[in-house]
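Engineer: In case you want the letters, here they are:
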Amino acid sequence: MFFHIVMERNMQLHPRHFGRNLRENIVSKLMKDVEGTCSGRHGFVVAITGIENIGKGLIRDGTGFVTFPVKYQCVVFRPFKGEILEAVVTMVNKMGFFAEAGPVQIFVSNHLIPDDMEFQSGDMPNYTTSDGSVKIQKDSEVRLKIIGTRVDATEIFCIGTIKDDFLGVINDPATA
Amino acid sequence: MSIEPFNRLVKLTARAFYDDITTKGDNQPKTSRSDNRGIAVVVLDALTRRQWVREEDLAKDLKLHSKQLRRTLRFFEEEKLVTRDHRRETAKGAKIFSAAVAATADGHHTKEGEEKIKLHTHSYCCLDYAQIYDVVRYRLHRMKKKLKDELEDKNTVQEYICPNCGKRYTALDALRLISMEDEYFHCESCNGELVAESDKLAAQEGGDGDDNARRRRREKLKDMLQKMEVQLKPLMDQLNRVKDLPVPEFGSLQAWEARASAAARSNGDSNGNDPSKSSQGLGYGGTPMPFLGDTKVEVAFSGAEGNGENIKSETENTSLKVLPPWMIKQGMNLTQEQRGEVKQEAKMDGSSAAVEFSDDKKSTIESDDQKNIQDEYVKAYYAALLKKQQELEEAAKKQEELSNPNISNGLSGMSSGRQVGMKSKRDEDEGDDDVDWEEAPVAGNSNEHYKVDLNVEADAEADAVAEDDDDVDWEEG
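As given, the protein sequences belong to chains Z and H, one line each in that order.
Residues in the first sequence are numbered consecutively from 24, following the working numbering.
Residues in the second sequence are numbered consecutively from 1102, following the working numbering.
Since the hints were made in silico from the structure, they are not lab data.
Please read these numbers as outputs of a predicted model, since none were measured by experiment.
Do not take every clue at face value.
Once the Cα atoms are required to be at most 30 Å apart in a straight line, the calculated DSBU-like pairs of lysine-lysine come out as [claimed, not checked]:
| # | chain 1 | residue 1 | chain 2 | residue 2 |
| --- | --- | --- | --- | --- |
| 1 | Z | Lys117 | H | Lys1321 |
| 2 | H | Lys1328 | H | Lys1112 |
| 3 | H | Lys1268 | Z | Lys186 |
| 4 | Z | Lys186 | H | Lys1247 |
| 5 | Z | Lys104 | H | Lys1323 |
| 6 | H | Lys1246 | Z | Lys104 |
| 7 | Z | Lys186 | H | Lys1245 |
| 8 | Z | Lys104 | H | Lys1268 |
| 9 | H | Lys1499 | H | Lys1488 |
| 10 | Z | Lys186 | H | Lys1246 |
| 11 | H | Lys1323 | H | Lys1245 |
| 12 | H | Lys1323 | H | Lys1344 |
| 13 | H | Lys1112 | Z | Lys186 |
| 14 | Z | Lys158 | H | Lys1249 |
| 15 | H | Lys1323 | Z | Lys117 |
| 16 | Z | Lys117 | H | Lys1246 |
| 17 | Z | Lys104 | H | Lys1249 |
| 18 | Z | Lys104 | H | Lys1247 |
| 19 | H | Lys1249 | Z | Lys186 |
| 20 | H | Lys1247 | H | Lys1168 |
| 21 | H | Lys1323 | Z | Lys186 |
| 22 | Z | Lys104 | H | Lys1321 |
| 23 | Z | Lys117 | H | Lys1249 |
| 24 | H | Lys1268 | Z | Lys117 |
| 25 | H | Lys1247 | Z | Lys117 |
| 26 | Z | Lys186 | Z | Lys158 |
| 27 | Z | Lys186 | H | Lys1344 |
| 28 | H | Lys1245 | Z | Lys104 |
In isolation and in its complexed conformation, chain H is listed as follows:
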């Protein structure tokens, strides 16, 4: 049951229709201070993040006055966006409810009238998604229909107004209004001549020229209809999207609470905040104890982790970091991931390697001065190594050139070319091997020749660039 599309629908609706709703009564003077437009949107948005919520809690969360919130909610109840429930319950029961909601999104039942404590009426509210869907659709339908009808002058009952006494009539009264003397309608009370009222939408712009006014009105209506189509398009799209989705249903307050508490009980912390017990005074002698459940969860959380004392355990939890190149040295036993070669595959040996790694890190800090010298050495060494490799390659090439004419004498051109190529390749391989063999005793790590030396070569160069800055950093640390 995905609630997200519906929440989006609610938010769009709030912004489309309830953006400048003020919940102030008409009798109250509107000042800039008491202007609370936009509250409706805030309240609706807040409700999308909740299910059933007590209105006092909501008011507290929104930092609104509860009266103001209630006025807004009552408005939404009339608009059929929100369902509300009122209930008499003890103060303690309410406390437990809030604690339960905070801890586990749990609910509770109150046993009414079992305590001597005063009963208060609490109100709860919740969005009614199914109804919201229908209400919004209906609203859009009505808007469109009204505009279209006005546009086509269809199904509109003409209204007549008496300029003298302001009495209004509709065309349905026409039979009573016709007078015998002339062809006009006359007011029943003052016998004044009635005038047809041009449309309510265009009533402001006095209807002087009959034709002109009508044309203007038509244009205005057409414009309005178009604007509506454009501006409400996101809302209509969302309605279409939501059409086939199952509607999230929280049920009535009681049902929701029962379900929520059942879910919490199956989680195993029913003794922590079973409010039916505590509200009867059996469990906790009046002190609200539901926080017990909360702490317990937390203890279990830290206990499962094992030795959660030092910083090393933290590095265990987090995935292994790629070591910066200046930290990688010969003799370090590093995983490939730490070298940045493998991204996420070799996580298996993470924990053990990390411990070693943190040890290594210490030694790195200590032998920071040494490192520079070592790096210099390594650089020089690899320069030499590279030179030697090139020499070997060159030698191999020479050999190849020597051997090439020999074989091509004996064999046809095509095959000879291939054979030569293969051979030369093997020569190269051999040459590489030779290099490695020479290098191995010096480097001192016999498990991964190729990787280590290739990397370190590159790293050493990068190292040279970034060395200076890094030194400063480490000294500070």
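Next comes chain Z alone, as it looks inside the complex:
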């Protein structure tokens, strides 16, 4: 699920950036530092949308670096248990398949794949129904439900299922 929230961060800035575009430098450094990171509490930071306010800088003793407390608005993405996501399959093997929904990795184990889909090994490993009408392979797009999340300090990993109503392949690159 996406959230638009305000976060705060202390930015350390090298003295060489001091000058006319101090402010721009702070913002660009903030974007470079923060976007794409993941915190267990808030999820993945997708994008910074604005700066609320930049506080007074504090010069560090000895180094000359300056610390600015920056409040910024950003969009975060945090997967939840029970959430329905659309994801792209990245890898298929005998144990199930892995998929990505943006920055989130999701594993669907083979017992959470419908019973009528069977694993086919080969050059392009895939899960196929007996009549061959539905095929899950690399780069397929699937809709899945998250049934478990593992949230570490810096990463989030999910397991999902496609064994439920309206879940499964939504767009197959092989047929498209």
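Could you slot chain H onto chain Z? The hints should help.
Structural biologist: This is chain H only, laid out in the frame that chain Z set:
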């Protein structure tokens, strides 16, 4: 506040879930002697009959070792069925508590540290009905959810196990486990190939054929779910029944004691066992006197009854008995109830009649021999009486026949028939009256003609049958 449905709930719960709980630690070897399964049920049942109870007393009542009981209770405390309270109090205070509980279900407060006597820690326990309701519901919910999830393979996190080192992983670890070389998961520590663990419930039956095992498991789960529904139905019904009832609440030990002692005080025997006084040493100089209250109650009980000395007063208390037919004689002044005619209505004159009745009873015993003769006489008399009545009736009928044509000459058919009928009825009545008039002086009781003679007639016949046996009985008495 009805506690009964909740007690039933507790009992059902005990039998459903705690039937084969043993409180023994796992380290102790299980022998048949130390097998204490079923204790949990007994303890819970005992607790439904009590409110707050000291654990030593409970142990004594159940003839259990207090350690064993405590282990059981601690288990129930963890299961959130029972609330417990521990308190340091004097030995005397404890004694008074038990006496008070025995006598009046009273409670007491202890003034701690006011005496030099050693303080002991006493534990009290009580069922927590509100919590039990929630716990049982939650437990059922979890059971059902687990089975359903397993059945539908929903929301189950697949587990993987390393056959070499036995290390276990879940699907959440999958990202770290995939290897670059092949498509299997590999153990982090020994690089062995991981195998998916088939479900815990069906783990015993080795997962050879993947499909077969899964189907078997599904059937097993379905079966289990169905069995659960059937077997726990009484419990679920009871839960539904209890749902809207107010939950009996005893409060904390202190609150309960305060309330109980207040109730006892309002009953007027506060001086008997006001433990706050006695525990301070003001009242009774160390001897536990709360039994005073008990005796007092009893004295008042017997005093209110009046002359509680002889057996007659007992017959006064009990409702009048229906006299057996062979005891009813002419000349006895009996109530209708004693004759078995009226069941429970005429209790008003019970006491006076009973005294007379007991007198009569004596005379009956004495004149037992006479009775036989009298009965014979009565029988003969009524036979004669019956004969006479029939004769009279016949005569009346004749008269009717005679009068019938006379009147029908004068009047139309319909009305004449009616008139005749009415007349004949009156004739019959008159005939009855005549009989009674004749009988009255002989029988000698003028207050209830009809009842007496009809009854005695019947009784006399019944009498003849049962006479022999009865004679023997009375002689023994």
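Engineer: Are the Cα atoms of lysine 1249 of chain H and lysine 186 of chain Z separated by 30 Å or less?
Structural biologist: Roughly 14 Å between the alpha carbons, so the hint for lysine 1249 of chain H and lysine 186 of chain Z holds.
Engineer: Decide if the proposed pair is consistent with the structure: lysine 104 of chain Z and lysine 1268 of chain H, CA atoms, cutoff 30 Å inclusive.
Structural biologist: Within the cut-off at roughly 26 Å; holds.
Engineer: Would you check the hint for lysine 186 of chain Z and lysine 1344 of chain H, treating anything up to 30 Å between C-alpha atoms as holding?
Structural biologist: violated, 36 Å
Engineer: Has the given pair, lysine 186 of chain Z with lysine 1246 of chain H, been kept, meaning a C-alpha gap of at most 30 Å?
Structural biologist: Roughly 17 Å separates the two Cα atoms, so the pair holds.
Engineer: Taking 30 Å as the top limit, are the C-alpha atoms of lysine 186 of chain Z and lysine 1247 of chain H close enough?
Structural biologist: holds, 17 Å
Engineer: Measure nothing beyond the straight line between the CA atoms of lysine 1268 of chain H and lysine 186 of chain Z; if it is 30 Å or shorter, mark the hint as holding.
Structural biologist: holds, 28 Å
Engineer: For a C-alpha distance cap of 30 Å, please report whether lysine 186 of chain Z and lysine 1245 of chain H respect it.
Structural biologist: holds, 20 Å
Engineer: Is the Cα-Cα distance between lysine 1247 of chain H and lysine 1168 of chain H 30 Å or less?
Structural biologist: violated, 35 Å
Engineer: Take a quick look at whether lysine 1246 of chain H and lysine 104 of chain Z sit within 30 Å of each other, Cα to Cα.
Structural biologist: holds, 17 Å
Engineer: When you check the alpha-carbon spacing of lysine 104 of chain Z and lysine 1323 of chain H, does it fall within 30 Å?
Structural biologist: holds, 26 Å
Engineer: Is lysine 186 of chain Z within 30 Å of lysine 158 of chain Z, Cα to Cα?
Structural biologist: Roughly 14 Å between the alpha carbons, so the hint for lysine 186 of chain Z and lysine 158 of chain Z holds.
Engineer: Lysine 1245 of chain H and lysine 104 of chain Z were given as a pair; does the straight-line alpha-carbon distance stay at or below 30 Å?
Structural biologist: At roughly 20 Å apart (the allowed maximum being 30 Å), lysine 104 of chain Z and lysine 1245 of chain H satisfy the hint.
The earlier numbered hints that this structure contradicts are 13, 20, 27.
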